[in-house]
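Protein chains in written order, with my numbering: chain A, 1 to 221; chain B, 1 to 221.
Calculated directly from the structure, the hints in this document are not laboratory data.
We put the beta carbon where it would ideally sit given N, CA and C, even for glycine.
Please note that a few of the clues may not be correct.
[As the list claims (entries may be wrong)] Computed cross-link-like contacts, BS3-like style, restricted to lysine-lysine with a CA-CA straight-line distance of at most 25 Å: (1) B:K213 with B:K135; (2) B:K199 with A:K179; (3) B:K27 with B:K213; (4) A:K213 with A:K49; (5) B:K17 with B:K135; (6) A:K213 with A:K27; (7) A:K179 with B:K49; (8) A:K213 with A:K28; (9) B:K179 with B:K199; (10) B:K17 with B:K28; (11) B:K179 with A:K49; (12) B:K179 with A:K75; (13) A:K28 with A:K135; (14) A:K179 with B:K75; (15) A:K17 with A:K28; (16) A:K199 with A:K75; (17) B:K179 with A:K199; (18) A:K17 with A:K27.
[Stated by the list, open to error] From the derived model, a few chain B residues whose C-beta atoms are all more than 10 Å from chain A: (19) K17; (20) E20; (21) Q24; (22) K28; (23) K49; (24) G57; (25) C59; (26) G111; (27) V161; (28) S176; (29) A181; (30) L192; (31) S205; (32) A206; (33) E212; (34) L219.
Number of protein chains: 2
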Amino acid sequence: MFKTIRVEERITAANDKEAEALRQEWKKQEILSINLMSSPGSGKTTLLKRTVQELHGRCRIGVLEADIDSDVDAKAIDALGARTIQLHTDGMCHVDADMMRRGVSAMGVEGLDIVFLENVGNLICPAEFDTGCGKSVMILSVPEGDDKPLKYPLMFQTSDVVLLSKIDALGYFDFSVEKCAARIRLLNPHCLILPLSAKTGEGFSAWIEWLEKAYREVLHD
Amino acid sequence: MFKTIRVEERITAANDKEAEALRQEWKKQEILSINLMSSPGSGKTTLLKRTVQELHGRCRIGVLEADIDSDVDAKAIDALGARTIQLHTDGMCHVDADMMRRGVSAMGVEGLDIVFLENVGNLICPAEFDTGCGKSVMILSVPEGDDKPLKYPLMFQTSDVVLLSKIDALGYFDFSVEKCAARIRLLNPHCLILPLSAKTGEGFSAWIEWLEKAYREVLHD
Chain A
1 MFKTIRVEER ITAANDKEAE ALRQEWKKQE ILSINLMSSP GSGKTTLLKR TVQELHGRCR
61 IGVLEADIDS DVDAKAIDAL GARTIQLHTD GMCHVDADMM RRGVSAMGVE GLDIVFLENV
121 GNLICPAEFD TGCGKSVMIL SVPEGDDKPL KYPLMFQTSD VVLLSKIDAL GYFDFSVEKC
181 AARIRLLNPH CLILPLSAKT GEGFSAWIEW LEKAYREVLH D
Chain B
1 MFKTIRVEER ITAANDKEAE ALRQEWKKQE ILSINLMSSP GSGKTTLLKR TVQELHGRCR
61 IGVLEADIDS DVDAKAIDAL GARTIQLHTD GMCHVDADMM RRGVSAMGVE GLDIVFLENV
121 GNLICPAEFD TGCGKSVMIL SVPEGDDKPL KYPLMFQTSD VVLLSKIDAL GYFDFSVEKC
181 AARIRLLNPH CLILPLSAKT GEGFSAWIEW LEKAYREVLH D
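Bound-form chain A, shown alone:
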């Protein structure tokens, strides 16, 4: 039998206060802010593009595109008419509250209803740093495997919504939505789990409904 050893190091996160201040500002401005997290290649940008298109004419949307050093996603989102800014993290694996504040201030959020932060593609570090967003949403795509809640528990624990994406590929991969959902609920009983496909649109209306409901809650809070 193999041994297990702990090789931890202390992660300092002094940004909780800054995040809380930012969250209060979003509230006052009546803006729904969403921290969107996932691993690379899970389809964050495709999901955001379809979301922007479906909400067109109903909500004014801003997108902060965090990338370690490329602009490809910001270009795609910008082309759809959402207000967009690119945050270059220069190698950093996550966005913290201070980076978020600088992004928000450079983009300008006046007149917006919903602001998405497309966080850096990573299932670990983004879950450890509070960005100050009102809601946290993560994407887990079918090709990544239904065991991921076992391996990246913090990300699942800190999310209000888990989108199980690329369900159009369910026939091709050995992925059980039921098993995966049960694993997520063990970690986070209050989490909303929405299976969907940004490619075919299956399940997408439940996501749009959740966004509209969450936005109404910001208005009436």
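Keeping the supplied structure of chain A fixed, place chain B upon it in accordance with the hints.
Positioned in the frame of chain A, the structure of chain B alone reads:
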């Protein structure tokens, strides 16, 4: 047009010296050490399992399984008879040279020919910390998309080999092996690019051949 701002922070990596010392020790012990990196769900464990099986009887293999806090992969590898140790990083997004040294010392490497470090699932942080391994290999799986070299350049720049995995799913995803390979070569002209499937075995013999060649180089260096 959208704006771009830089939100970088300084990442301190004081472990280069320790990594180099570790690399010299591997050399003296005539062990090929491989840092295996990828995003979550790209199939690191499945690839390692098949690799251990194919090398059975030809090489003695050790595996350091780094996980933020689960044991699922170590159990799977241990069952195949490789010497295995689980490294719990307790939330840390990468393995550095010090963690590697502690893992190696706890597992014991006497009598081994090849030691794999299955690094934490993450395309960013593991590329920034030298683990002291002799070779770096990364996996990019077809469902993640052929644009990933544009988004995570450092990982591709620091790898000796890029395994384009899950090529059995090529018919299902919009992924061009040629485009992806061209993007990788722009970043890293000397990198070996091997398309393969750990599920069907397609392309796997080239990977096994590379491992055997790299091991012979360690012996004759």
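**Message:** Checking each numbered hint in turn, tell me which of them this model violates, lowest number first.
**Reply:** none
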